[in-house]
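Chemist: Residue numbers (the working numbering), protein chains in the order written: chain C, 12 to 204; chain L, 7 to 223; chain P, 727 to 927.
Please keep in mind that the hints were generated in silico from the structure rather than gathered at the bench.
Take these hints with a grain of salt, some might be off.
With beta-carbon atoms standing in for the labels, derived distance ranges [said to hold, decoys possible]:
no., chain 1, residue 1, chain 2, residue 2, range
1, P, M891, L, I26, 19 to 27 Å
2, P, E879, L, A102, 25 to 33 Å
3, C, S140, P, N890, 49 to 57 Å
4, C, R201, P, M851, 19 to 27 Å
5, P, V883, L, F33, 22 to 30 Å
6, P, S806, L, E47, 21 to 29 Å
7, P, F737, C, R200, 27 to 35 Å
8, P, F802, L, L109, 15 to 23 Å
9, L, E86, C, K105, 45 to 53 Å
Glycine is no exception: its CB is placed at the ideal position from the N, C-alpha and C atoms.
Each chain is listed here by its residues.
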Amino acid sequence: MTSLTKKFSHAFEKDEGHVHIEIEAKPYSNPYLVGIGLGLVLLASFVIMGRGLGASGALSTLVASGVNAIAPDHASHNPFYSEYLGDGTTNPLKDWLIFQVIGVLVGGFLSGTISHRVKKGIEKGPHISTKMRLIYAFVGGGLLGWGAKLARGCMSGQALTGGAVLNLGSWAFMMMVFAGGYGAAYFMRRQWI
Amino acid sequence: MKNFFANLSTNKKFALIAFILGIIALFAGNPYGGGTIKVNEKELALSTINNSDKVTVTDLADWIIQGKADFELVDLRSQEKYNEYAIPNAQCIPIAQLPESDLLRNQKIIFYSDDDVAASQAWFIFKSKGYKGVYILDGGLNAWKEKVLFPKAPINAGKAELAKFEKAKEVSKYFGGQAQTDSTLSESKPSIQLPTSNVGTPKSGSTPPKKKKREGC
Amino acid sequence: MNAPFFKFDYFNTDVSLIFAFIIGIAFGIALERGGFGRATILAAQFYFTNMRVLKVMFTAIVTAMLGLFYLSVIGFLDLSLIYLTTTNMLPMVVGGLVAGVGFVIGGYCPGTSMVAVATGKIDAMVYVLGMMFGIFVFGEMFPSIESFFNSSEMGSVTLPQYFNMSYGLVVFLVVLMALGAFAAAEWGERKMAAKKSEANP
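Just chain C, with the same shape it has in the complex:
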């Protein structure tokens, strides 16, 4: 909270024409403390809802709704889409995961603002062009979206949530993600290092 007020006063200072010093982004927290915090959030989700966290499911609902809006016949005949669209009695967008992901966006923005880490930019290593990075981002996103759907969940829904409830398939998935990542890392090294 104090840093928030600092930010406000900082903005005022700028208005008054004072010398403006760039506030440096704070370093990230101790990973183990963050992990415990994340674990407690996950535990709270289990206790309150009986389910874990997720992310890709919300995007699937969005995609299914989009397809449904353009070609309703096509969507209703595809069991994959229709599962996300529900039985038509409720709006498919009124979904737990959608609201949770909106929360993630808000939470990420709040935390980033407080620590002065919200900054427009592109994340990449020094040896790759912006254009290539964006192409890689699209391709990587596509592969992850496809793979996560085949595996019935993403890192949040499978690895994290399923890992905590000791789900057999989730642990297999987690191991394979690391295997795939380390296997492909060599070929992608120009992008990151």
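Dock chains L and P against the given chain C, drawing on the hints supplied.
Modeler: The following block gives chains L and P in isolation, referenced to the frame of chain C:
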């Protein structure tokens, strides 16, 4: 010892705590067991007094005909007796096997056996284990046979009672039973054939079973 | 025994959406604090220079696992009511491999990309578009891969059930494994940092 702990870095403290909790977990027991049994006798007594823990056979018959499926009907008798005759949609879980059943604590569960006794015992066991919606079929299978399968025509009945009997006749037909219109018939009770198969497919447009909502990604 | 609250109808679906939003905010804050809003940090995991992903993820899993275990043992929570995704081994293995490759190419996973979008990363926005395209392609392919998607069905099965071990033993082993992984990660990071400073003094 205290000094030793204080001198550790934050990360090592957490590691030590996690390790200790992991070791205790080895001996902590089964997480599915449900822990110690705590019985709220007042609540139990109260629900017994207002009969809120009982379901009548006619209500159950109506639910089945309407195709309601938001409950689990459990037959507590032996497998042989279940094979002989059971109420439609019932699953057979002999009372000895109840602890291993996969009934869930948030389900609406209706127990029945021949009479009330076994169902009441199962009801008590499940209530004390923290199951929320547990019910006894009032009168058990005996009441089911008497009131649903083979209802007797009321003697010197008024108009309202006759109308009720007409409905009971329909219901009994649905379940493959036979209404007893003649009082002499009831004397030849041993000859009454119990319906052999689980008759009565639910009508269309019925309430679907409590749908398993997608909860994954 | 009265948790999970939602499964015992303590509140309705509409209220659950409010909880979804609050839990989401906490999730987003945790991910952002962990540095998961930056693809360079996430990808560094795969080059052994920064093991934050492993540390945060396994700490979170261990914390939630221990919490679930002890809350169930004392009888506060009914573990059998916690949702378990069914295991379909083959599609999960293949999907995991593809997702892992996608992770290293794209630099994010779905949850972290949301945080990156919220903190202004343009590559993350492109990544999310790519992800939606991938999901769309999967949806269009679905009729032809449905049988593979549903193959090697094992039902909802946990590690203790599969390996026929007690739940407590698996909890203990996971804690041990995580602690071992943390020690290795710390050691590896030091090693990599030393190598780097040697290379450019």
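Chemist: So which of the earlier hints does this model not fit?
Modeler: 7
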